[in-house]
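Participant: Line by line, the protein sequences are chains B and C.
Take the first sequence: its position 93, counted from the start at 1, is 293 in the working numbering, and no numbers get skipped.
Take the second sequence: its position 136, counted from the start at 1, is 172 in the working numbering, and no numbers get skipped.
Worth flagging that the hints you see were computed from the coordinates, not collected in a lab.
Don't be surprised by glycine CBs; every beta carbon is placed ideally from N, CA and C.
Any given hint could turn out to be false.
[As the list claims (entries may be wrong)] Simulated restraints, written as ranges between beta carbons of each label pair: (1) Thr282(B) - His68(C): 23 to 29 angstroms; (2) Ala169(C) - Ser237(B): 50 to 56 angstroms; (3) Arg142(C) - Arg257(B): 35 to 41 angstroms; (4) Glu287(B) - Thr66(C): 22 to 28 angstroms; (5) Ser72(C) - Met235(B): 35 to 41 angstroms; (6) Asn283(B) - Ser151(C): 39 to 45 angstroms; (7) Glu137(C) - Asn283(B): 14 to 20 angstroms; (8) Gly291(B) - Arg55(C): 19 to 25 angstroms; (9) Thr96(C) - Arg257(B): 24 to 30 angstroms; (10) Ser237(B) - Glu157(C): 23 to 29 angstroms; (11) Ala267(B) - Ile138(C): 44 to 50 angstroms.
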Amino acid sequence: MASTTDQIKSTSARAYQLPLTKVKSIIKLDNNTRMISHDSVYLLTLATEEFIRMLTRDAHSSMKQCASKRLDRLHIFSSINTNPLYEFLDGSFD
Amino acid sequence: MIDSPNNSGSEEEDKCVPRAAVYKMIKDCTQHIRVSGEAKEFFVQCCNEFIHTLALQANTVCEQQTKRLVHPDHIVTALNNMGFGSYKTKCLNAMETAQEEIAKKRRKLHGKPTSIYTDEELRQKQELLFQQAREEAQQLEEDDWARTQELSKEVLRKKIEATRTDDDNYDD
Numbered sequence: 201m202a203s204t205t206d207q208i209k210s211t212s213a214r215a216y217q218l219p220l221t222k223v224k225s226i227i228k229l230d231n232n233t234r235m236i237s238h239d240s241v242y243l244l245t246l247a248t249e250e251f252i253r254m255l256t257r258d259a260h261s262s263m264k265q266c267a268s269k270r271l272d273r274l275h276i277f278s279s280i281n282t283n284p285l286y287e288f289l290d291g292s293f294d
Numbered sequence: 037m038i039d040s041p042n043n044s045g046s047e048e049e050d051k052c053v054p055r056a057a058v059y060k061m062i063k064d065c066t067q068h069i070r071v072s073g074e075a076k077e078f079f080v081q082c083c084n085e086f087i088h089t090l091a092l093q094a095n096t097v098c099e100q101q102t103k104r105l106v107h108p109d110h111i112v113t114a115l116n117n118m119g120f121g122s123y124k125t126k127c128l129n130a131m132e133t134a135q136e137e138i139a140k141k142r143r144k145l146h147g148k149p150t151s152i153y154t155d156e157e158l159r160q161k162q163e164l165l166f167q168q169a170r171e172e173a174q175q176l177e178e179d180d181w182a183r184t185q186e187l188s189k190e191v192l193r194k195k196i197e198a199t200r201t202d203d204d205n206y207d208d
């Protein structure tokens, strides 16, 4: 599996930037999780990368609306509160 | 073993997406924009939370289907359930592309090496090389034999000369 991971990494840099092993260990933190296939971890990682890009774009929009020159935590908060998609993040942070 | 995923301990802090990778992705989206350190850290936390939530959702889908192994389909269903169905196409395409590239590399590594010649032409070339090697070996043998002959003749000649000299020295 390690060699496959290396091969995946070398193929398309933009499509895969988070390390699969790290993502897998985060998944495993939840005791109730079942066994997860390698392809599933890969797909989940790709989805997470897409999520980061989406959240960044939304936070950037918030920043422009505030006419700020720097992207701050508040802009991310603002996006979370505005977009129902980010509801799952509500209450996770102080 | 951690009892609850929300337990903040050093073990959980280690199980965090690499900050550098997250920063790089943010940077790719916001090239000329400054991002505060707090915001970067917050992105990382959101990232972790997303992984947890998506994995949990996928796990639930898997359970509902009474399967024992979480399959990519479960991830897709979980994404739809969470409202991130729009990710599906892009992620599946990216995965397919990566898998195709890997398969191509494997074929190259383990498959027959490509050649501009047909099998018959390659055989003929090989036969020609064998013939050349045979001729060279024969030539070497002949040269060797000729050299040996020369050496023997020289030894014999010297012996004969030596004998003649001895005869001359004899007093009758």
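Participant: Sort out which numbered hints this structure fails and list those numbers smallest first.
Facilitator: 6, 7, 10
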